[in-house]
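Please take these sequences and the hints and turn them into a complete structure.
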Amino acid sequence: MNSTGGLIDSPVSQRIDQIGKLFVEGAARLLGRATDNHGLTAETLIPRVKSAVDKYILRGDPQASAEVIQDFIDKLQADDLCLILACEQGNQKAWTDLVERFSATVRSAARSASSNEDGADDLAQSIWAELHGLRVREDGKPAGKLAYYSGRGSLAGWLRAVVAQLAIDQHRKQSRLVQTEEDADFDRIIQQGQEETSWSGHGASPNPELQISAKLAGAQMQKALAESVKQMQAEDRLLVKLYYFDGLRLREAGAVLGVHEATASRRLTRIHTELRQQVEKLLIEQEGWTQSETARAFSEVALNLETDIEPLLATEPVLMKKENEVAG
Amino acid sequence: MKPANNNEVDLLLRALARERTGAAWRSGSDGGDAEGISSDHLDADELNSYAEGLAPAAARARYIEHLAECAACRGIVVGLTQAAGVATRLEDPAQTRGAGFWKRLSEFLSPKVLGYAIPALVLTAVIGIGFIALKQRQGSQFVAQNERRSETPPAAQHQTDSGLSSAAQPQPSVQNGTQSGRIAEVPKERTALEDEKLQAGQGSGKSDASVAKIAPSKDAGQADVGSVVESRPYAPEPKAAEAPPPAPVINPEKSAELAKERSEKREDQPRDQNEEFRVQTDDVHGPNRSRSNTAQAATQRGAGIMAGRGPSADKNKKGADVETRSVMGRHFTREGDAWVDTAYEYSQATVRVARGSDQFRALVADEPAIRTIAAQLNGVVIVVWKNRAYRIQ
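Those protein sequence lines, which keep their order, are chains A and B. Each residue of the first sequence is one higher than the one before, counting from 1 in our numbering. Each residue of the second sequence is one higher than the one before, counting from 1001 in our numbering.
No wet-lab data here; the hints were simulated from the structure. We put the beta carbon where it would ideally sit given N, CA and C, even for glycine. Take the hints with a grain of salt, since some may be wrong.
[As the list claims (entries may be wrong)] Output of the computed footprint for chain A on chain B, the stretches with three or more beta carbons under 8 Å from beta carbons of chain A:
| no. | segment |
| --- | --- |
| 1 | 1048-1056 |
| 2 | 1070-1082 |
| 3 | 1365-1375 |
[Claimed, not checked] Lysine-lysine pairs mimicking DSS-like chemistry, simulated, CA-CA at most 27 Å apart:
| no. | chain 1 | residue 1 | chain 2 | residue 2 |
| --- | --- | --- | --- | --- |
| 4 | A | K21 | A | K55 |
| 5 | A | K75 | B | K1386 |
| 6 | A | K93 | B | K1386 |
Next up, the structure:
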């Protein structure tokens, strides 16, 4: 019997107690690890620790073991988290410390995200306002972005991410305004680009029948390839997006995935093989193609793309120029 | 799959990307692939934890799902990854350290690898044993030569001893002739020795053989000092002109006693005297080196000081000349064109950062001390900072 509620301890309540205890002990250890705790207490840290564990561990695995949770808490950035919490608490010294230590980081990130120096200055200034919070919460404290720092990654990295997100938000707001004026022009350019970049065999045979046939084959192959990409595993799909859609080098794409360039290259080769097999399968099963037809279509479409690579590339500067103009 | 087939898919993917990029530009997603993805982007904390490789496995899988569809978040992650200097990060440490260890061990012990490794080990062992045996044979040759030397008739020994006038003194070997003056004297003295031997009715062939066989004994080191003393008469004496007058006839017994006495005397010499000589021999080159050719120097040479000459001595000297700098509490040594942090281990993965690049600016913004280091040290700098090695160039 439970001494407090008179109820038998269920596994659920035992689990809750266990996790609660982990939070308390973890917060105390975290405070002990910090070189400057800014006068915080373990109780102040517990809600933030709990929030971080919920977000990164329990949301994905509600039955995560005590060791996993403990390990996670022990890897939180103690100094950075204490600094941010102290800032949230209104500790002026902590706030000064934050600005002094990270103003260079924020400025560097703003410069990377902005196309000009003035824009970078504006962005960097607005970041501090965003962090501090212009609005006031119910408890009278500012409702800034500081509340979203979990301590899992470095504070410098988090600030960079905040700057990048803010830059995108600002860019979208600006582009929405400009878009109303130039929407029609831009759509026309895209449409034109799509027509020109179509992989359905433009510039091939002058025979209209063959042209229609090639166009149809190209459209079906395009559809099958898009479907195959969608069916790929997320990590492979991410690699394809990074390499083909975002134009990253293999080394950079590998870094985003946390693998070496050589590994990324091997993966890409495997992806090519799997994609081809999948496209062939879809064309045969859904479109009724034969094996030889798929092989021939691959060769023909690829040949057309290869020969027409110059006009394809020629459309890109137009789009990019327009994009830059919109971005200001 | 043939490479040509891969090229076809590669071209098709490029074309697909071009078509989708235009459509996705304003939406922030990847065009037609964005079904089911709401505007619920990853927050800054999640983006950063992913970019720094700190997201737990389950969370990471979720983020990858999102990133594969969301161009905006992907763009931020790419920027963060580059800024964090994770561009050269190797494989996931969890994979390489945890389960990967057993996998690598099993791969290492696989029959395929062992098929090559065992013959290679056997071959290495055979070469090693052969090398040791060869060394031992060289040592035994030296002993045999000494014994043959002792068999020479006393008359001949007397002739050679008196001719060299310093038979009882431990003299530097031919190797000591690294001093330029001595090298010039060696052929002349050898000729004189041969002449004397011819006069004494000895076959010049034998004396040549003796001289030639002494050479390997010079490498025998300190342990062979006594033996070398006995075999000195056959070695060319570089400084015969400065040596004291010819010693009286010394029979083998007396010679041994004298050698023993000398070795005791050597042991009694104060250490600082040894060090003084060492400094002198290290520092003096060219003509000045003749000054070091004193009796004391000769005895010290017998103690193996000269063994420090040659490549090993140069190496030591080079080691002493290593250029070092200390900046921001880090110690650097000059290695070629690079300044290398003494804490750096060559097995450690480095993050390459070009001076003036965005990545460099981001790095020095986070770590101003690295800016100071990079400013004070020219050229390539390898610095270990917070357990991460950066190669600034």
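Hints, verified against the model:
Residues of the segment 1048-1056 of chain B lying with their CB closer than 8 Å to a CB of chain A number 8, which satisfies the three-residue condition for coverage. Figure legend: the segment 1070-1082 of chain B, annotated as covered by chain A; annotation consistent (11 residues with Cβ-Cβ distances under 8 Å, at least 3 required). Judged by the Cβ-Cβ criterion of 8 Å, the segment 1365-1375 of chain B is covered by chain A as claimed, because 3 of its residues qualify and three suffice. For the hint pairing A/K21 with A/K55, the CA-to-CA distance comes to about 18 Å; that is within 27 Å, so the pair holds.
At roughly 15 Å between alpha-carbon atoms, A/K75 and B/K1386 fall within 27 Å of each other, so this suggested pair holds. Only pairs whose Cα atoms come within 27 Å are accepted, and A/K93 paired with B/K1386 is accepted, the gap being roughly 25 Å.
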